[in-house]
Amino acid sequence: MSLHSYGEKFRALIFGKDGVAHWWAQRLTAIFLVPLLIWLVANIVYLFGADIKIVRMWIANPVNAALLILFTLALFHHAQLGLKVVIEDYIHTSWLKGSSIVLVKSLAVILGLLTLGSILKIAILG
Amino acid sequence: MATRGRPLSPHLQVYKPQFTSVLSIMHRITGVALAVGTLVLVWWLVAAAIGGEAYVSIQKILSNWFGRLLLLGWSFALFYHLCNGIRHLFWDIGKGFDLTSAYRSGWIAMTGAIILTFGVWVCAYLSTGAL
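Those protein sequence lines, which keep their order, are chains Z and R.
Residue numbering for the first sequence follows this note's numbering, beginning at 1 and increasing consecutively.
Residue numbering for the second sequence follows this note's numbering, beginning at 1 and increasing consecutively.
Please keep in mind that the hints were generated in silico from the structure rather than gathered at the bench.
Each residue gets a CB set at the ideal place from its N, CA and C atoms; glycine is no exception.
One thing to keep in mind: the hints can contain errors.
[Unchecked claim] Partial pick of chain Z residues on the chain R-facing surface, computed with a CB cut under 8 Å:
no.	residue
1	Arg-27
2	Ala-30
3	Leu-37
4	Tyr-46
5	Phe-48
6	Gly-49
7	Ile-54
8	Arg-56
9	Met-57
10	Val-63
11	Ala-66
12	Gly-82
13	Thr-115
14	Ser-118
15	Ile-119
Full structure from sequences and hints, please.
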């Protein structure tokens, strides 16, 4: 791929108005998040104030770990899609808009990986 | 393209607030607040993975009055965004667009969020045996 088309791809990723795919991704992650959130909130209520041993045992349960991983992926994808729209609506200076979107997308990836790493560490090493 | 200071939507300052428009902007505000809140969720999980002092310190922060206030705010933001998000999903399949339905579903989302927030905190304190 030429340098020019890399630039084009990057522009499309940041400023891209791929409305249909964005719309669907936002709705699908939302639909996934509804039952996952109900499950998570119910469990956090149960774990509220519990000591670390109980919290780790809960995360280490394979079903909980799998649902947490699913939740993490849906959550950060959904958050990043939503923040992109908010930035596009309120920031009108091109460079600031672009760099804000890059920052939000990078943070979503970093925070998502940190979360996945922590879940896997507890699930595998206890 | 002419870019000299032309008004760009959404310009809230020229718009008279109504119940439905307040609910709409609240969906965005709670969404952004929840995105910020993920930082604490990540911090909590990373601390649980590290263990020891890291977990003790986040527990301490989250159990003082300021931490509890943040959690209370985030729990309301979560339930509001969840209830109003479901309202949005109904609109997406073309249901409930007329004014009466939009107001009614708005009240349901708002009341639902308040009841869920209250209920979840009562249950959380009951589970610790503090109530």
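For each hint, the structure was consulted:
no., hint, verdict
1, Arg-27, "holds (6 Å)"
2, Ala-30, "holds (6 Å)"
3, Leu-37, "holds (6 Å)"
4, Tyr-46, "holds (6 Å)"
5, Phe-48, "holds (4 Å)"
6, Gly-49, "holds (4 Å)"
7, Ile-54, "violated (11 Å)"
8, Arg-56, "holds (6 Å)"
9, Met-57, "violated (11 Å)"
10, Val-63, "violated (17 Å)"
11, Ala-66, "violated (15 Å)"
12, Gly-82, "holds (5 Å)"
13, Thr-115, "holds (5 Å)"
14, Ser-118, "holds (4 Å)"
15, Ile-119, "holds (7 Å)"
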